[in-house]
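Numbering (my numbering), first residue to last: 33 to 283.
Heads up, some of the hints might be wrong.
[As the list claims (entries may be wrong)] Restraint ranges, calculated between C-beta atoms of paired labels, are given here:
{"id": "1", "residue 1": "S187", "residue 2": "S144", "range": "46 to 56 Å"}
{"id": "2", "residue 1": "K160", "residue 2": "S253", "range": "40 to 50 Å"}
{"id": "3", "residue 1": "K167", "residue 2": "D234", "range": "20 to 30 Å"}
{"id": "4", "residue 1": "I261", "residue 2": "F156", "range": "17 to 27 Å"}
Just so you know, these hints were derived from the structure itself, not from any lab. Note that CB positions come from ideal geometry on N, CA and C, so glycine has one too.
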Amino acid sequence: VIIKGFKLIPSFKLVMDSVDKLIIYHILMNPRQSKRELARRVGIDVTTLMYRLRKLGHLIQGFYLYVNPSIYGFKRFLVVHDHDSLENENFYFKCIGGFRISEVYGESLPKSYLKIYKLDDVKFSLSKLDWKIIKIMSEDPLISESEIANITGYSTKTVRRHLNFLIENSVIRVLPSLDLTNGEFFLFSVFSKVKVRRPIWDFSGITIGFSEDLKEIKKLSDEKYSVAIKAEYGVKNGLRTFNDFQHELNS
33 VIIKGFKLIP SFKLVMDSVD KLIIYHILMN PRQSKRELAR RVGIDVTTLM YRLRKLGHLI
93 QGFYLYVNPS IYGFKRFLVV HDHDSLENEN FYFKCIGGFR ISEVYGESLP KSYLKIYKLD
153 DVKFSLSKLD WKIIKIMSED PLISESEIAN ITGYSTKTVR RHLNFLIENS VIRVLPSLDL
213 TNGEFFLFSV FSKVKVRRPI WDFSGITIGF SEDLKEIKKL SDEKYSVAIK AEYGVKNGLR
273 TFNDFQHELN S
């Protein structure tokens, strides 16, 4: 997918070991964590992490800010369909099998699709600072808490508290844009509440997981679960943004 704001990087198949794959998984889970925290989670030192990140940078094309559309008063639905795209599509996962899993939003239940799941809505009001944080992060998803504090005039502690609230309550989420075709790992979906080894996102009836190889995916398939491998994904809401990962490493 080519979206304005991405720096296009030549495609090639990258050989990855288990540590590389673990780094990608933890970046998927929390791209905003510090390099020191990421190194601790993976079990390596920061110098080794930085070396590996430069190698993996070819797979990390930028960062999305996902914004929950229910904060604007819309209802949210997860739909399974075979269209190229949908009106009011907020984000999508394109599956190798040809179908697509999309979050769509609107004032009522969408038209008939292969499957439809109603998603929970945000049931609280956001503060002025919450809205400011969302706006600032729409321009730079990886901006530091101290930088947000400088822009808004609030203390770093207050910004951190509000930011954690937004993330923990699924109002926003920062996601890396990964090249799924040239890395030796897989994103997959299971049409069930089944427990997977490395979950990425859990919806009502669909779990998105990360796998280092095809073993777990094959096991789930053998157990008669409906499993689909992802070919690409993206966020399409109006508050999206992109960062050049190489610039982030060098800053």
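Hint check:
no. : hint                       : in the structure
1   : S187 with S144: 46 to 56 Å : 50 Å, holds
2   : K160 with S253: 40 to 50 Å : 49 Å, holds
3   : K167 with D234: 20 to 30 Å : 28 Å, holds
4   : I261 with F156: 17 to 27 Å : 36 Å, violated
The structure shown violates just one earlier hint, number 4.
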